[in-house]
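In order, the protein sequences belong to chains U and E.
Residue 75 in the numbering used here is what sits at position 75 of the first sequence, and the numbering runs on without skipping anything.
Residue 34 in the numbering used here is what sits at position 34 of the second sequence, and the numbering runs on without skipping anything.
Incorrect hints may have been included.
To be verified - Here are some, though not all, of the chain U residues that point toward chain E, as calculated from beta-carbon distances under 8 Å:
(1) 3
(2) 10
(3) 13
(4) 15
(5) 118
(6) 144
As the list claims (entries may be wrong) - Covered stretches of chain E, going by a simulated chain U footprint (3 or more residues, C-beta under 8 Å):
(7) 39-45
(8) 73-87
As the list claims (entries may be wrong) - Per label pair, the in silico range of CB-to-CB distance:
(9) E:123 to U:49: 20 to 30 Å
(10) E:124 to U:76: 34 to 44 Å
(11) U:52 to E:82: 14 to 24 Å
(12) U:111 to E:59: 24 to 34 Å
(13) E:119 to U:73: 37 to 47 Å
Hint data in this document are derived by calculation from the structure and do not stem from the laboratory.
Using N, Cα and C, we set each Cβ at its ideal position, and we do this for glycine too.
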Amino acid sequence: MSLVLFRIDDRLIHGQVVVGWGQPLDIGFIVLVDDEVAKSEWEQELYRMGTPPEMDVYFHSVVDAESALVRYNGEERNGILLTGNIESMLRLVQDAGVRTVNIGGIHHRPGRRQRLRYVFLFPEEEQLLRQMASLGAAVTAQDVPSSRAVDLTELLESEASVQ
Amino acid sequence: MSDRAGTVRAVVAGHGDFAAGMVSAVQQITGRGDMFRAISARDLSASDLDALLIRTLEETGARVVFTDLQAGSCSMATRRVLRDHPTVLLIAGVNLPMLLDFAFAEQMPPVEAARHALERGRAAISAAGGTGNAGGAA
Numbered sequence: 001m002s003l004v005l006f007r008i009d010d011r012l013i014h015g016q017v018v019v020g021w022g023q024p025l026d027i028g029f030i031v032l033v034d035d036e037v038a039k040s041e042w043e044q045e046l047y048r049m050g051t052p053p054e055m056d057v058y059f060h061s062v063v064d065a066e067s068a069l070v071r072y073n074g075e076e077r078n079g080i081l082l083t084g085n086i087e088s089m090l091r092l093v094q095d096a097g098v099r100t101v102n103i104g105g106i107h108h109r110p111g112r113r114q115r116l117r118y119v120f121l122f123p124e125e126e127q128l129l130r131q132m133a134s135l136g137a138a139v140t141a142q143d144v145p146s147s148r149a150v151d152l153t154e155l156l157e158s159e160a161s162v163q
Numbered sequence: 001m002s003d004r005a006g007t008v009r010a011v012v013a014g015h016g017d018f019a020a021g022m023v024s025a026v027q028q029i030t031g032r033g034d035m036f037r038a039i040s041a042r043d044l045s046a047s048d049l050d051a052l053l054i055r056t057l058e059e060t061g062a063r064v065v066f067t068d069l070q071a072g073s074c075s076m077a078t079r080r081v082l083r084d085h086p087t088v089l090l091i092a093g094v095n096l097p098m099l100l101d102f103a104f105a106e107q108m109p110p111v112e113a114a115r116h117a118l119e120r121g122r123a124a125i126s127a128a129g130g131t132g133n134a135g136g137a138a
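With the sequences and hints as input, model every part of the structure.
Structural data, given as structure tokens:
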């Protein structure tokens, strides 16, 4: 399996992903699954510019991604799949067999409750995460490789204790 | 205080305390740290970072943004801003010599000064030593 990380991160491609995970995992490509970005040439160009030349970026809508994943899993290089929200990742767990999910960054919005320094969730989002787990996905929160992976049960019990 | 005080000519944006650290270094060396406004991407969503950057540019009137990393979220946010404000200049991969050059080029318009500083910063990277094996990895 050459997709080695399935990450939910509302910043999509940025330093933590490209460098923080990209270097230690020897990442050769990123699959960015986002319906908005998939529709916008301009946004795609933006993310391409933000990616080192030795990494490829592929863009898909959620529906496209479900079939494209098979192809990416046949890749020889290591890849990261990114979604900007929990809903999109849940679809991939349901329909594309994703079995490990990394919560990398879901940031503050009014109404969301802080769970970790980098994870804020609406109650409905907590339900979606529980649903992922009940479908057999191992869901953990971890912003960078050197930090501790927090499993879902602990995440949903934790009150923000940091900063 | 000089008559420069309060005139922000550039925004420095980066991960963690990078920007604040850079600006404090400029301040320590030249006393001209007030020419810069530092912002951090730490723990902000993309949309909050976009908003912070736009607010900072509006408040200060600055038209130059120095960022730490081309792939970083500050650079991404700045590129989004460029779409509607093409007069803003983004320089990614800033270093201290670059900021120092910019700080001393007050007589130039900021965008021109930043382009000059870019060349200076690029040229200021050097290496010395590194021969032999002592203490080094194979």
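Consistency of the hints with the structure:
1. 3: Violated, because the Cβ-Cβ distance from residue 3 of chain U to chain E comes to roughly 20 Å (cut-off 8 Å).
2. 10: Where the cut-off is 8 Å and the nearest Cβ of chain E is about 5 Å from residue 10 of chain U, the hint holds.
3. 13: 7 Å, holds
4. 15: At 4 Å from the nearest chain E Cβ, residue 15 of chain U passes the 8 Å test, so the hint holds.
5. 118: 6 Å, holds
6. 144: 11 Å, violated
7. 39-45: With 4 residues close enough to chain U, the hint holds.
8. 73-87: holds (count 6)
9. E:123 to U:49: 20 to 30 Å: 24 Å, holds
10. E:124 to U:76: 34 to 44 Å: 39 Å, holds
11. U:52 to E:82: 14 to 24 Å: 20 Å, holds
12. U:111 to E:59: 24 to 34 Å: 27 Å, holds
13. E:119 to U:73: 37 to 47 Å: 45 Å, holds
The earlier numbered hints that this structure contradicts are 1, 6.
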